[in-house]
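Protein chains: 2
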Amino acid sequence: MVVVRTEIIAVGSEMLTPAHVDTNSLYITERLNELGIELQAKSVGGDDRGVLKSMIADALRRTDLLILTGGLGPTDDDLTREVVAGLVGQPLEYHPEIFERIDKRFAARGLKTPEINRRQAMVPRGATVLPNANGTAPGLLVEYEHKLIALLPGPPREMKPMFEALIEDRLRTRAGSACLIRRLLRITGQSESSVEEKMQPLYAKWLASATMINTTILASLAQIELHLTVIAPDLDEGRRVLDAAVQEVQAVLGTDLFSTNGETMQKVVGELCRARGFRIAAAESCTGGLVMARLTEVPGSSDYVDRGVVVYSNQAKTDLLGVPAALIQKHGAVSEPVAEAMASGMARIASADLAVGITGVAGPGGGTPDKPVGMVAVAAAWARDGAIQTRVRTFQFLGGREMVRFQASQAALDMVRRWIMEDS
Amino acid sequence: MVVVRTEIIAVGSEMLTPAHVDTNSLYITERLNELGIELQAKSVGGDDRGVLKSMIADALRRTDLLILTGGLGPTDDDLTREVVAGLVGQPLEYHPEIFERIDKRFAARGLKTPEINRRQAMVPRGATVLPNANGTAPGLLVEYEHKLIALLPGPPREMKPMFEALIEDRLRTRAGSACLIRRLLRITGQSESSVEEKMQPLYAKWLASATMINTTILASLAQIELHLTVIAPDLDEGRRVLDAAVQEVQAVLGTDLFSTNGETMQKVVGELCRARGFRIAAAESCTGGLVMARLTEVPGSSDYVDRGVVVYSNQAKTDLLGVPAALIQKHGAVSEPVAEAMASGMARIASADLAVGITGVAGPGGGTPDKPVGMVAVAAAWARDGAIQTRVRTFQFLGGREMVRFQASQAALDMVRRWIMEDS
Numbered sequence: 002m003v004v005v006r007t008e009i010i011a012v013g014s015e016m017l018t019p020a021h022v023d024t025n026s027l028y029i030t031e032r033l034n035e036l037g038i039e040l041q042a043k044s045v046g047g048d049d050r051g052v053l054k055s056m057i058a059d060a061l062r063r064t065d066l067l068i069l070t071g072g073l074g075p076t077d078d079d080l081t082r083e084v085v086a087g088l089v090g091q092p093l094e095y096h097p098e099i100f101e102r103i104d105k106r107f108a109a110r111g112l113k114t115p116e117i118n119r120r121q122a123m124v125p126r127g128a129t130v131l132p133n134a135n136g137t138a139p140g141l142l143v144e145y146e147h148k149l150i151a152l153l154p155g156p157p158r159e160m161k162p163m164f165e166a167l168i169e170d171r172l173r174t175r176a177g178s179a180c181l182i183r184r185l186l187r188i189t190g191q192s193e194s195s196v197e198e199k200m201q202p203l204y205a206k207w208l209a210s211a212t213m214i215n216t217t218i219l220a221s222l223a224q225i226e227l228h229l230t231v232i233a234p235d236l237d238e239g240r241r242v243l244d245a246a247v248q249e250v251q252a253v254l255g256t257d258l259f260s261t262n263g264e265t266m267q268k269v270v271g272e273l274c275r276a277r278g279f280r281i282a283a284a285e286s287c288t289g290g291l292v293m294a295r296l297t298e299v300p301g302s303s304d305y306v307d308r309g310v311v312v313y314s315n316q317a318k319t320d321l322l323g324v325p326a327a328l329i330q331k332h333g334a335v336s337e338p339v340a341e342a343m344a345s346g347m348a349r350i351a352s353a354d355l356a357v358g359i360t361g362v363a364g365p366g367g368g369t370p371d372k373p374v375g376m377v378a379v380a381a382a383w384a385r386d387g388a389i390q391t392r393v394r395t396f397q398f399l400g401g402r403e404m405v406r407f408q409a410s411q412a413a414l415d416m417v418r419r420w421i422m423e424d425s
Numbered sequence: 002m003v004v005v006r007t008e009i010i011a012v013g014s015e016m017l018t019p020a021h022v023d024t025n026s027l028y029i030t031e032r033l034n035e036l037g038i039e040l041q042a043k044s045v046g047g048d049d050r051g052v053l054k055s056m057i058a059d060a061l062r063r064t065d066l067l068i069l070t071g072g073l074g075p076t077d078d079d080l081t082r083e084v085v086a087g088l089v090g091q092p093l094e095y096h097p098e099i100f101e102r103i104d105k106r107f108a109a110r111g112l113k114t115p116e117i118n119r120r121q122a123m124v125p126r127g128a129t130v131l132p133n134a135n136g137t138a139p140g141l142l143v144e145y146e147h148k149l150i151a152l153l154p155g156p157p158r159e160m161k162p163m164f165e166a167l168i169e170d171r172l173r174t175r176a177g178s179a180c181l182i183r184r185l186l187r188i189t190g191q192s193e194s195s196v197e198e199k200m201q202p203l204y205a206k207w208l209a210s211a212t213m214i215n216t217t218i219l220a221s222l223a224q225i226e227l228h229l230t231v232i233a234p235d236l237d238e239g240r241r242v243l244d245a246a247v248q249e250v251q252a253v254l255g256t257d258l259f260s261t262n263g264e265t266m267q268k269v270v271g272e273l274c275r276a277r278g279f280r281i282a283a284a285e286s287c288t289g290g291l292v293m294a295r296l297t298e299v300p301g302s303s304d305y306v307d308r309g310v311v312v313y314s315n316q317a318k319t320d321l322l323g324v325p326a327a328l329i330q331k332h333g334a335v336s337e338p339v340a341e342a343m344a345s346g347m348a349r350i351a352s353a354d355l356a357v358g359i360t361g362v363a364g365p366g367g368g369t370p371d372k373p374v375g376m377v378a379v380a381a382a383w384a385r386d387g388a389i390q391t392r393v394r395t396f397q398f399l400g401g402r403e404m405v406r407f408q409a410s411q412a413a414l415d416m417v418r419r420w421i422m423e424d425s
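Sequence lines, in order, name chains A and B.
In terms of my numbering, the first sequence opens at residue 2 and continues consecutively.
In terms of my numbering, the second sequence opens at residue 2 and continues consecutively.
Just so you know, the hints here were simulated from the structure itself, not pulled from any lab data.
Worth double-checking, as some hints may not be accurate.
Copies of one chain are not kept apart here, so a pair can be met inside one copy or by any two copies together.
[To be verified] Below, simulated DSS-like cross-link-like pairs (lysine-lysine); rule was C-alpha separation at most 30 Å, straight line: (1) Lys-161 <-> Lys-372; (2) Lys-105 <-> Lys-372; (3) Lys-206 <-> Lys-54; (4) Lys-113 <-> Lys-199; (5) Lys-105 <-> Lys-199; (6) Lys-54 <-> Lys-148; (7) Lys-161 <-> Lys-105; (8) Lys-148 <-> Lys-113; (9) Lys-206 <-> Lys-113; (10) Lys-372 <-> Lys-113; (11) Lys-199 <-> Lys-268.
Because the structure is a prediction, the values reported are computed rather than measured.
Isolated chain A, as found in the complex (with noise of 0.2 Å):
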C-alpha cells in the first residue's frame, strides 16, 4: 500500500516540550499524500547527537525516503549535517559559494556575519543542494544505498517554499503517478465493535479487489470515525471507488451513518433544514449555548437558524418558554416533560419547524442517585400543520463535563437529522 516506505523526523529539543507540535510534518504529509505517498512513521528527536544518530539509522533500515527537518541552524546544538554525513561514511566539505550567499544575506540587512555560520556552508560529500530563498540554511539531497534523505530547514517559512521548488518533482519521479485518496465517514448510534462486525465482509471484499481499499475506525466522543483510503492511478478513478464504496456502507449501516465526506453533524443538520426550508431552533439548559454555537459555526446558517435560548434556571425556562412552573415541581427540571415542554415552548417563540430542547446534569455537581451526572433528557418538536409533535429520550451520558455536553448536543441534533430522514 505505501508506494514509497516514508518516514519524517523533525529535530530540535523544543518540539519534544508540552507547547510545541511539529506542525512540518503535517504540511509534508498533505503534500506527500497528492503524490501517492503515505507515511509509515514520524518522529521528533531532540537537539542529542547520540540519541539523533540512532533514530535516524533505524528509519534509514525501514524507509526508501526519509525527510529530515530542522537542526541546519549554525550553532552547536544543530546536528542534523554532521550525524547524517557520519552515518552515509561522507566527509562535510566547506561550500565558499554557500557562505557567500549567507554573507549577502547579512549584508542585505547591514549585519556582518558570524562566523558561526560557516557550519551551514559544509555540505555532506556527494549531496545536493538546496538553495533556501527564505533563510540562510541551505537544504541538501543525500543518495545513500538506493535510499533518498532530504535534509530541510526547521521554520516552515523557509521549509514550505523549498519543498514546493525543489522537493515534489523529485518525489513525483519517484512515486509514480498513483495517487491516494481519503474519506471520512462519521457513524452515530453504534459502538466501535459493532460497526467493525457490520463492516467485516465488506473490508473482506474490499481488501480482495483490484483497487485496495484500506480502512482505519476511530472511536471519537459521541461518534465512530471511518476512514476510508484508495490508492488509484489518478484522482478520477480513485473517486470513483471510494463513491462506490461509501453506497456500500451506507447499505450496511443506514441511517447511522451521517456524513459520507468528513462533513460535521452540525453541518448535516444544516442542510437537511435548507434543502427542505425548515427553520431549527435550540432550547438549552445543561449545554449552555453549544447546539446554538454548533449550528451557527456554519456558513450561511442564517438560512434556517433565526433564534435560540439559554435556560439554566427554572425561572429561565418558565420566562422565556412558557415551561409551567407546576411540571418543573412535579417532575423536577431533568425530566422529559420539561425537555419535551423546552422543545415546544422554543418552536413556538421562534415560529420554528423543529426545536430542540435539553435539561440534564452536566456535572461534575449537582447529580443525585435518581439523576447522576450525565444524565440528559434530549426532546425534539415539530411544527407541522398547526400542531407540535414531540420526541423525547433520556441518556445517561459518561465522561466529564466538557463530554457531556458535547454528547447531549450531538444526540439532539442526531434525534432531529433521524427524524427528518424518517420522514422524506
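Take the given structure of chain A and dock chain B to it, following the hints.
Positioned in the frame of chain A, the structure of chain B alone reads:
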C-alpha cells in the same frame, strides 16, 4: 536533566494524516516534566505490524522508559499488545476478569459485548493490568530487561485518568528529585512583540539569577501565551520561584495579564462574578451562543449564569430583547447602538448585573464595503443603582468565520473583565 531516558510512541495510522495530531504526548510530557523527566524523542507509528515492531524494538534499545499510547482497541488494527508481547518474548494470556469488566460496561448501556472485545482481555504473561475507569481497554505495564514499557489507551479521556492514577506514582520512585515546573500566563490587548519588548528586562534578570527561569512566548488567537519554566530541587521551591516571577510580570503588564495559571478567559470572568455575587448574561448574534457556551463550560457556572439568548435575525432581536426595529433600521443590525441595546435588553430580561451584546459579520458571506467580514460591535451593560450603563466598541477582526467568532467572544468577555477590575 534526563533522569530516565524516555520516549513515547503513539500508535495509529490516523495520526499520520495531515489532519490529526498526537496530543497525548503533549499531556504526558507535561506530567513527566513535573517528575523531572524529559523526553529524548517521540514518534507516531501506523497500524502496521512490521513497522511497529521495528519502531518499538529500536526505541527499547535507547530507553529506560517507553510509553505507548493507542492500539489497544478490539479490532484487527490494534496491534500494540501483540507486538510488545512478541518483542519481550511473552505469550498473550486471556484474563476472564478483564472481559467481565468489559461485559459489564456494555450491559450498563443495554448492549451485548461483541466477540471481538475478547482481544482486549489478552495480557502478555507477567504484565501488570491497569484498570480503565473510562473505557474498555485496560492499560498494561511490562517490565523487560530493567526497562519499563507502559501501554496506555489512545483516547485522551481514558489515557489521562489512568496516567494520573496508576503511572505517575510508579515513575516518581524511578525519577530523581529535581522537577521541571511550568506556568502558563495569558495576555490580551497587546501584540506579541509589544509583550516581548516589555518583558526584555525581566528576561535578562531571570537568566542572570540562580534559579534560571526559561520563557517561551506564543501568539495564539486573541491572546498571547507566555510560558515560564523552571527547574527546581523540589516542587515547593519551583512554585515559590514562579510565583515571584508571575508577580514581576504582573507589575510590567498590568491588567492585560488576565491569566496567571493557565485559566481560560471564561473561567477568569466567572470567578470575578462569583467573588462579587454578580450574575452575567449574553445576547449573541454573530457568535451564535459561543459566549454562553464558553461561560457555562466552567463547572459551577450556574451560580452566576441564569440565561442567555441567541438572536440571529432582526426579528429575534426585537422579540426577545426589545431592540426597537427603528433602531435596527436606522443603524443596521451590525452597529454600536444595536449592540448596546442588545446588552441592556439582556441585562433587563435576565435581571442580570452584567450582560454582553454582540453583533457582527462572521463571514464568509454577508460583508459589505461599509461593514466588511470581521467587523463586530461588542457591548457590555452593567445594571446597578436602578440604571443601566453601557460600553461599546467596534472591532475589525481578521481570519475566517471560526476565528472571527472566537475573537468576538473573547473581546466581549474581556470587556466585562476589565470593567469589573476597574471598579474594584
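Against the structure, the hints come out as follows:
no.: 1; hint: Lys-161 <-> Lys-372; result: between (45 Å within a copy, 26 Å between copies)
no.: 2; hint: Lys-105 <-> Lys-372; result: between (57 Å within a copy, 21 Å between copies)
no.: 3; hint: Lys-206 <-> Lys-54; result: between (43 Å within a copy, 27 Å between copies)
no.: 4; hint: Lys-113 <-> Lys-199; result: between (61 Å within a copy, 14 Å between copies)
no.: 5; hint: Lys-105 <-> Lys-199; result: between (58 Å within a copy, 22 Å between copies)
no.: 6; hint: Lys-54 <-> Lys-148; result: both (17 Å within a copy, 21 Å between copies)
no.: 7; hint: Lys-161 <-> Lys-105; result: within (22 Å within a copy, 51 Å between copies)
no.: 8; hint: Lys-148 <-> Lys-113; result: neither (38 Å within a copy, 50 Å between copies)
no.: 9; hint: Lys-206 <-> Lys-113; result: between (63 Å within a copy, 26 Å between copies)
no.: 10; hint: Lys-372 <-> Lys-113; result: between (56 Å within a copy, 25 Å between copies)
no.: 11; hint: Lys-199 <-> Lys-268; result: within (26 Å within a copy, 44 Å between copies)
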